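Using the hints provided, position chain A relative to the given structure of chain Y.
Number of protein chains: 2
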Amino acid sequence: MPGVGPKTAQRLALHILKRSEEEVQALAQALVEAKKQVGLCQVCFHLSAEPTCEICRNANRDNTTICVVADSRDVIALEKTREYKGKYHVLGGVISPMDGIGPDQLHIQQLVRRVSQRGIKEVILAISPSVEGETTTLYVGHLLKPFTKVTRIAFGLPVGGDLEYADEVTLARALEGRRELD
Amino acid sequence: MPGVGPKTAQRLALHILKRSEEEVQALAQALVEAKKQVGLCQVCFHLSAEPTCEICRNANRDNTTICVVADSRDVIALEKTREYKGKYHVLGGVISPMDGIGPDQLHIQQLVRRVSQRGIKEVILAISPSVEGETTTLYVGHLLKPFTKVTRIAFGLPVGGDLEYADEVTLARALEGRRELD
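Keeping their order, the protein sequence lines are chains Y and A.
Counted from 1, the first sequence has number 158 at position 158 by UniProt numbering; the numbering is strictly sequential.
Counted from 1, the second sequence has number 181 at position 181 by UniProt numbering; the numbering is strictly sequential.
It is worth saying that the hints were derived from the structure and are not from the lab.
Note that the list lumps identical chains together, so a pair holds whenever it fits in one copy or between two copies.
List of simulated lysine to any residue pairs, SDA-like, C-alpha gap at most 25 Å: (1) 85 x 65; (2) 80 x 107; (3) 36 x 107; (4) 80 x 161; (5) 85 x 169; (6) 145 x 132; (7) 149 x 180; (8) 80 x 159; (9) 149 x 177; (10) 145 x 110; (11) 149 x 176; (12) 80 x 175; (13) 35 x 52; (14) 80 x 160; (15) 149 x 55; (16) 121 x 175; (17) 7 x 165; (18) 145 x 177; (19) 145 x 159; (20) 80 x 172; (21) 35 x 101.
Computed from a predicted model, the values in this text were never measured in an experiment.
Chain Y extracted, bound-state conformation:
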């Protein structure tokens, strides 16, 4: 399990052994229930208890913009900013031949179908800038460009960060991505 090392694992195991049998039963039941009820949205592949997720069903959100992310965690992170009002598309990972993950293992085909069929004005690629992430961004961007405007999120200095402590690649990207002051 991610974030659980040997020490934490031991602590969790001992904690469970100390509980009553009913409590452990309830936890086990809850885990099975969660797994049974939570699936993926048929449209955007975000986690959802219903066939389509809350964001896809929300009529107040902009239908013409899709933000493409690798993972459901990224949807949650972007929702916290309260800045984005469009829809999402969760790829379910990034292209990583080393781990045997090619384009066919991700929800890329469904994205292309989604973008090609409806009146999408902009697709924002919001994929973390690792080597695999860059590959995925370029691959997906290339596929979608015939249909609509494709943008990607900005890379540069994190807000509150200090120039002095930024790594060289980030600084170079910040310089390269400079924008006219308005």
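This is chain A only, laid out in the frame that chain Y set:
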């Protein structure tokens, strides 16, 4: 002294007491010499042992671009990227009324004079995005806009950073600053 807490201070003091008198004399001399020889470049106010610094004297560097930074440390950080080929201007700090630092305490007047007189095609503002840094960026940008194109470095996700771990403000800036994929 920055970066020196009580423990390190004690360690340094004991280290000096252990040395021979000649060695301590030599260190003291070196400090005085360094202070005597290193001054500020007359053009860009970067640290320099000569009246004008090495970067200002370098004929291979682009004379038409000036990158404005708060501190000499920022020049060193940007030089490490090996991406920037123009000149610099070191403000000597940021506008911070709380600390009694107004525009007149910084090398802003000299920057305006420099930009207004010569054929400068672009001024890049590369100031850390703190509250004071933002104030300084807007103030300096406002002063320079009548003379030339003014840009600022990009803010967004640091390279290699994960979307999930970025703070909300940085994510919002990364979304806002998105660019078309080329």
